[in-house]
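**Q** Take the sequences, apply the hints, and build the full model.
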Amino acid sequence: EAGVAQSPRYKIIEKRQSVAFWCNPISGHATLYWYQQILGQGPKLLIQFQNNGVVDDSQLPKDRFSAERLKGVDSTLKIQPAKLEDSAVYLCASSLVVGAGPGTQYFGPGTRLLVL
Amino acid sequence: DAKTTQPTSMDCAEGRAANLPCNHSTISGNEYVYWYRQIHSQGPQYIIHGLKNNETNEMASLIITEDRKSSTLILPHATLRDTAVYYCIVRVAGFGNEKLTFGTGTRLTIIP
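Protein chains in written order, with my numbering: chain W, -7 to 108; chain D, 9 to 120.
Hints listed in this document are in silico derivations from the structure and should not be mistaken for laboratory results. Just so it is clear, the structure is predicted and the values come from calculations on it, not from any experiment. Every residue, glycine too, gets a C-beta built ideally from N, C-alpha and C. All the given hints hold, so there is nothing to weed out.
Below are the SDA-like pairs computed for lysine to any residue, each with C-alpha atoms no more than 20 Å apart in a straight line:
no., chain 1, residue 1, chain 2, residue 2
1, W, K36, D, T13
2, D, K11, D, R76
3, W, K36, D, I47
4, W, K70, W, S58
5, D, K107, W, G64
6, D, K107, W, E60
7, W, K75, W, R104
8, W, K36, D, Y54
9, W, K7, W, L52
10, W, K36, D, K107
11, D, K11, D, T109
12, D, K60, W, T96
13, D, K60, D, N38
14, D, K107, W, D49
15, D, K107, W, Q51
16, D, K107, W, P53
17, W, K36, D, R99
Coverage of chain D stretches by chain W, computed from C-beta distances (three or more under 8 Å per stretch; other residues unrestricted):
no., stretch
18, 50 to 60
19, 109 to 120
Anything over 12 Å on all C-beta distances counts as not near chain W; from chain D, calculated:
no., residue
20, P15
21, M18
22, D19
23, E22
24, G23
25, N27
26, P29
27, N31
28, T64
29, A68
30, T80
31, T87
32, L88
33, R89
**A** Pasting the structure below:
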């Protein structure tokens, strides 16, 4: 079974530039998550999709971050314009939740962003 | 979700059992205990989860105290590849409740 795919793996940009990250979840997983992980900290949820609808985006800085999941499969996360404090690893995860049982999240390798 | 408390770091000799504690004294009756780990430069990896019974899989064992206020993840025969940050997470399961709230975890170092 293929895992969660993310691209690019690394990105270096200057502040005020724009950047986009792409995620392809595990086939059949309806739920997709984007996390931000700053060096030395645990991942922090930015946004959660159920199919192509947003379930939770309470921690997404909406003035500069946006995300979409067209057709309920792939997703893109965009930052425009980037700030120095956006330097982090951006992780995508997906899960299959059946009924009321607990779902396990499977993470991609992440995209490491450096803003100069 | 209930908060969890873990030691910042631990060392374990290769081949020995690694026992990682987690305190979750405010856990509710419908909250599960999850363990994930993150090896350097990789995304987090699911290890195991449980509600109130002890659980075992090919990776580890999870021991949950009877009052459910704490748990221990056991890696029975630690190898160098088990060096990672281990996260203990407590959350309610079910649709709309899949959010994981990560703390800073325990940095486990396996010593040759």
